[in-house]
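First to last, the sequence lines map onto chains A and B.
The opening position of the first sequence corresponds to residue 1263 in our numbering, with each subsequent residue numbered one higher.
The opening position of the second sequence corresponds to residue 1263 in our numbering, with each subsequent residue numbered one higher.
Misleading hints may appear alongside valid ones.
Same chains, same label: a pair holds when it works inside one copy or across any pair of copies.
[Stated by the list, open to error] Result set (EDC-like, lysine to aspartate or glutamate): computed pairs, CA atoms no more than 20 Å apart in a straight line:
{"no.": "1", "residue 1": "Lys1306", "residue 2": "Glu1413"}
{"no.": "2", "residue 1": "Lys1391", "residue 2": "Glu1368"}
{"no.": "3", "residue 1": "Lys1325", "residue 2": "Glu1349"}
{"no.": "4", "residue 1": "Lys1347", "residue 2": "Glu1409"}
{"no.": "5", "residue 1": "Lys1264", "residue 2": "Glu1349"}
{"no.": "6", "residue 1": "Lys1448", "residue 2": "Asp1398"}
{"no.": "7", "residue 1": "Lys1306", "residue 2": "Glu1409"}
{"no.": "8", "residue 1": "Lys1445", "residue 2": "Glu1399"}
{"no.": "9", "residue 1": "Lys1391", "residue 2": "Glu1272"}
{"no.": "10", "residue 1": "Lys1448", "residue 2": "Glu1399"}
{"no.": "11", "residue 1": "Lys1424", "residue 2": "Glu1409"}
Keep in mind that the hints were calculated from the coordinates and are not lab data.
Protein chains: 2
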Amino acid sequence: MKYELYYWPEIQGRGEYVRLALEEAGAAYVDVARGSRGTAAMMKLMDGRGTPPFAPPFLKAGKLVIGQTANILLYLGARHGLAPKTEGGKLWVHQLQLTIADFVLEVHDTHHPLGPSLYYEDARPAAKKRTAEFWDERVPKYLGYFEGLLESNGGAYVTGRKLTYVDLSLFQIVAGLRYAFPKRMKAFESDITGLVGLHDRVAARPNIKAYLASERRIAFNEQGIFRRYKELDA
Amino acid sequence: MKYELYYWPEIQGRGEYVRLALEEAGAAYVDVARGSRGTAAMMKLMDGRGTPPFAPPFLKAGKLVIGQTANILLYLGARHGLAPKTEGGKLWVHQLQLTIADFVLEVHDTHHPLGPSLYYEDARPAAKKRTAEFWDERVPKYLGYFEGLLESNGGAYVTGRKLTYVDLSLFQIVAGLRYAFPKRMKAFESDITGLVGLHDRVAARPNIKAYLASERRIAFNEQGIFRRYKELDA
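Generate coordinates for the entire structure from the input sequences, incorporating the hints supplied.
The following block contains the structure:
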């Protein structure tokens, strides 16, 4: 079975967490909207009856259509050895992924504090305030939490010796913050040396390394979640 | 086994989605921080080693400590008949719950657009703008989606004839919007007659009815997710 991933073709966005899992697993998949069927195929599934997803990304796996990033990873994790096998382990890793999802929403809010449907330019003063709070309070709280988990288990990965989809997502968080806020992140990285090491270990894994060097990896840009706006990186 | 729910004792907040599920299921549970052990017991678990939750609510179920609202409901749903039994059904209901979680975050952002750590009073002008966008764009999009699901399956509940934890959460969404934005919601309700009917059906279920009339149901207030600020309900 070949998976079908449905996501916006021009951005990493939330689809990237799924792409990283599929790539690490070496799973066969089509990134549908980037192919000849385009976003029209994606819209068609969202307008359908039955179980239409609220928003991309979603994954077609045989007859199943699975939406919500963390939910897709819950499914893929169990099938491709990217999550523990025990019920408690599965729930723990999923819990961590949901915490990452909350953080991703807060990243998005730094440039869209007045709502997702407005243009960045119309919310710039509010974006500056929100970004200041984000770096003063939220980044230390979230990344400090994951740094603490890495420290306390002493392993190479967040749950210990074995990589899970959460590690792939944390790689993306570090990479994204480096792209969007190069100055702030540079100053902050000495507080999260564990996560920086994790980022490097993930980037060096053969499948991920090949993916990052390929055209399948879309470059960061200002339509995605992580956006580089100079005035927010004071 | 008696569940232990850990959540802030003064508010409904995100804990309420778990309380509603436990109550509907008739499950034995203690709302720990509301008892003599107080929030200190909650903080202790969050500071612990192993699998400390990032934030409340979390549920202690035997040896498991499960965090993130939707993750707790995933667990409870499977154990108490509040979710379908098939894998596809489980994932679908969880996906809907994660969409509700996104909406709840946006509700919170209406009064905290510049970040969760600021006081409402310091973000009032931004809150007005965010709330306008919320009602113009986000409420119709999210609630229209769930209204469409109800219409297309023709059932009493979102997945058909049988109640799931998603229905309990949608009850809370309707009740919360009515509390926080009485004028706006009154004008909007004719667009979501299906959800209003769902709200009433959930409220009339014996266990939920008894719960809502009990002291276990905390009243809405201005420390929770749904807050009534007159200037935001224009």
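Status of the hints after comparison with the structure:
1. Lys1306 with Glu1413: between (46 Å within a copy, 19 Å between copies)
2. Lys1391 with Glu1368: both (13 Å within a copy, 18 Å between copies)
3. Lys1325 with Glu1349: This pair counts as between: shortest inter-copy Cα distance 12 Å, intra-copy 25 Å.
4. Lys1347 with Glu1409: For Lys1347 and Glu1409, the Cα distance exceeds 20 Å both inside one copy (24 Å) and across copies (37 Å).
5. Lys1264 with Glu1349: So Lys1264 and Glu1349 pass the 20 Å test across copies only (19 Å; inside, 27 Å).
6. Lys1448 with Asp1398: within (15 Å within a copy, 39 Å between copies)
7. Lys1306 with Glu1409: between (41 Å within a copy, 19 Å between copies)
8. Lys1445 with Glu1399: within (17 Å within a copy, 34 Å between copies)
9. Lys1391 with Glu1272: neither (28 Å within a copy, 29 Å between copies)
10. Lys1448 with Glu1399: Intra 17 Å, inter 37 Å, cutoff 20 Å: intra-copy only.
11. Lys1424 with Glu1409: The answer is within: 17 Å in one copy meets 20 Å, while 42 Å across copies does not.
The earlier numbered hints that this structure contradicts are 4, 9.
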